[in-house]
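Participant: The chain contents come next:
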Amino acid sequence: MSGQAITVADAASNERGTKLASPQRAWLSLENRFVPPLFITLILLIGHMSFGILESYRKTLLAIGVSIATELILGKLVVGKWPNVASAYITGISVGILLRSPAFWPYALCAMIAITSKYVLRVKNRHIWNPSNFGICVVLFLAAESVTTLSIQWGNSLWAMLVIWSLGSVIIWRLKRFHICVTYVLSFLLFAIMRGWIVGDPIVSEISPITGPEYQLFIFFMITDPKTTVRSRNGQMIVAFLVAAVEMLFRLNSCIYAPLYALFIVGPAALLIETWWTSQKTHKTDPAATALGFGGVAQ
Amino acid sequence: MKRATVVRIVVAVLFAGLLVTPLAIKRLAVRRARSTATVLDSNLALARYGFYLTEISREAGIDFVHQAPALDPKLNAIMPEVASMGASVSIVDFDRDGWPDIYVTNSAIGSKNRLYRNMHDGTFKDVAPEMGIADVNQAGTGVSMGAVWGDYDNDGYDDLYLIKWGRPELFRNDHGHGFTRVSEQADLPPWINANTAVWFDYDGDGLLDLFVGGYYSEDIDLWHLKTTRIMPDSFEYAKNGGRKYLFHNLGNGRFEEVSAKVGINSRRWALASAAADLRGTGHPDLFVANDYGVAELYLNDGGRFHEAGSESGVGFAPKSGMNVAVGDIFNQGKYSVYVSNISEDGVLIQGNNLWVPQNGKPGERVKYENMARDLGVELGGWSFGAQFGDLNNDGTLDLYLTNGYVSLDRKRSYWYDFAKVAGGNSSIIGDAEHWPAVDGRSHSGYQQKHVWLNDGAGKFVDVAQAVGVADTYDGRAVALADLFNRGVLDVVVANQRGPLLLYKNTVDPKNHWVEFALEGTKSNRSAIGAQVTVQWNGQEQVQQVSGGSGFAAQNDRRLHFGLGKDPHIENVNVRWPSGKIQTLDGVVQDKLNTVEEPK
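Sequence order for the protein chains is U and W. For the first sequence, the residue numbers in my numbering are 1 to 299. For the second sequence, the residue numbers in my numbering are 1001 to 1599.
Hints are supplied without guarantee of correctness; some may be wrong.
Claimed, not checked - Pairs of lysine-lysine residues, derived as DSS-like cross-links and limited to a Cα-Cα distance of at most 25 Å, are as follows:
hint, chain 1, residue 1, chain 2, residue 2
1, U, Lys124, U, Lys76
2, U, Lys81, W, Lys1510
3, U, Lys124, W, Lys1334
4, W, Lys1459, W, Lys1334
It should be emphasised that the hints constitute simulated quantities derived from the structure, not laboratory data. Quick caveat: nothing in here was measured; it's all calculated off a predicted structure.
Construct the entire structure; sequences and hints are all you get.
Facilitator: Okay, here's the thing in structure tokens:
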């Protein structure tokens, strides 16, 4: 999720450097940069005011605070300059929404792990895991007795979904990533029908998970994260399809956090393959290109 | 070495440390749990914790095994889930012989409830058939879900309100010789699908009134379904459950339903309730724990209620409320409220709530903070009934919690399928047909119970296994009573599709106690709502006579106070529901003190 803001910012600066020259367009690009944080804040506020999804303001604020603080410290320490904290804000708020624990420490720990992973788990100067996905999966793996994720919140009502989809679609469309969402949703539905046929449960029960709010956050913020998805449009669609496919395997093994774990596996694998592929191509044109390895950490 | 390399190594080490942190926390927690999870020899348990419990149901002549309801065949696929309640236990001295008796409910059509008369020799005998309150689960009338006792006609004998999924029943106690069904005369509605009820005198007129909290909608006959759309429309915000009833006692054997008139209007899925004067106003407030949603706190403004769940803090985070127990756990003269919820490792960690009042001048707005985690009573599995009581007579209230939802095949779990549907849209989860079949799988089954010992210093320690509680049945209701008049609290546990368990308590004799049996005159004769405050050795504890608490349970109306070693009782006073304050002189420790309200 956190990569979303970085890339929006990157996209904005690219546009500034190429075709956006007028003050009006520049203003729009500035707005672009803050759209994802504003969007996720809006989701949080709507969810909380309508359904009180936050069990505690303090836990969400803790996650945001720790996330931003970790980003600032590591950014200054590793890169040597103060980083933009928009992506850390999104990571913190995602942890605050998605994680569910009666204790405080998992929120802080998850946020720290998520941000630190960006600086440590890098290949060819790219972090390969979506930070929120990585942080949440790690605490789910290692602290199952203390944490779960949001699963039965937001009143199971349709309108909350419609709000997220309406706003999310506009934003993701604007970022030219809507095809990822559509591919994933269609793949999920296809695999849901297959699962229903295989296990003999009502197909509606297999489709049920994607009608919940957790999935909308997953679809709009995690699988579309530009920093941790492959670059080609077709590649992105294939990866979305594979996430749904691996998720199906997890689901056939009764894994509750199937989508998160599927992305945890497929996302980095796809990036590594792409990096290797690019490296091979570069090597052919430029034999001096470096091999795979831990790269720098420039933002 | 370059600075960048050093920085990278430092960050990598930090990262590794972060990954190891949850494992270290887990190891510490396991080590801490292990220290009290060891099964101890009874003498060792007595020496270390001051008590131990021995399960004696068979020796006591109790052989009751609960039978679950079998509802409409349309629900067969998920029957273990929807038919997962009905086991209940309530304590009553129905014949006024001075020895507590036990009433337990059964829930299959045609099954019989039991009234275990205390035979004064350590055994019990089922007298429900001859008393006329056994065969109450007949086809077409629904089945029992619980029972609460209160003397609604002030004749000195506690009467029985039978909580049902079906036709609610009121039985008048004919002076301990039998019971007469008076449901129609009392103007009770024809059908309520309820799991909770509580007797209390909400308007202070000296007559016991009755609150009944609906679970499924009262329009539904669970044995003849017109539709399978009977499930909650949300798992955290459901408002399509049964309505609430407040039956105002008119004093002539009839009741008037006044819930809307006095400000109680809800269709949340109520599972547990209790009434207590939480603000010291002299009026009993009503706390309702709801499944699939937030709790509700109805503050009594003197005959009218206003719902203050959200403003007080108890009705903010939606969980799966299944219990309401009230106790002065810090010996400060203030009630805390324990609400049980669901916790399952790796799936759903709601955590139980221990609501502790934050300010407490009489009449002030009440604000609660959940201190379950701080005090160590948060995680109790799929928790159901719980009760406060001083199990080792050390002067502080302990907490007994039972749990476990559906215990079938140990190796296969229903949790994945449950979670799969529970997170979906309301149109999906609201229809039972959309739910995958349980197919013999367990759902938070075979859980270890919790006996949390209050250390008096702000912590509860789980000593269940150490003091002899090792059963793993699907526990529902817990009731506490000094069953054998020995000055100790014994524990009775009703299990779904399981045996009724009677844990006889053995307590360190160096710890002293005092008990009170109250009888109202101007107040209701059961003295429900009366409050006793005992001050001894520089501390004080308050307890109240309850008309139902926990989950589908009612403790003995006699109040039991542990006093610890070498106690010196300084003062005892009673605040009666009529408002009268009575100071008791000459209270003797290690004795049951009988108190009548001054006329």
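Participant: Checking one constraint from the list: CA of W/Lys1459 to CA of W/Lys1334, max 25 Å. Satisfied?
Facilitator: Status holds; Cα separation ~17 Å.
Participant: Is U/Lys124 within 25 Å of W/Lys1334, Cα to Cα?
Facilitator: violated, 62 Å
Participant: Within 25 Å, alpha carbon to alpha carbon, are U/Lys124 and U/Lys76?
Facilitator: holds, 20 Å
Participant: Assess, step by step, whether the Cα of U/Lys81 is no farther than 25 Å from the Cα of W/Lys1510, and give holds or violated.
Facilitator: violated, 69 Å
Of the hints listed earlier, those the structure fails to meet are numbers 2 and 3, in rising order.
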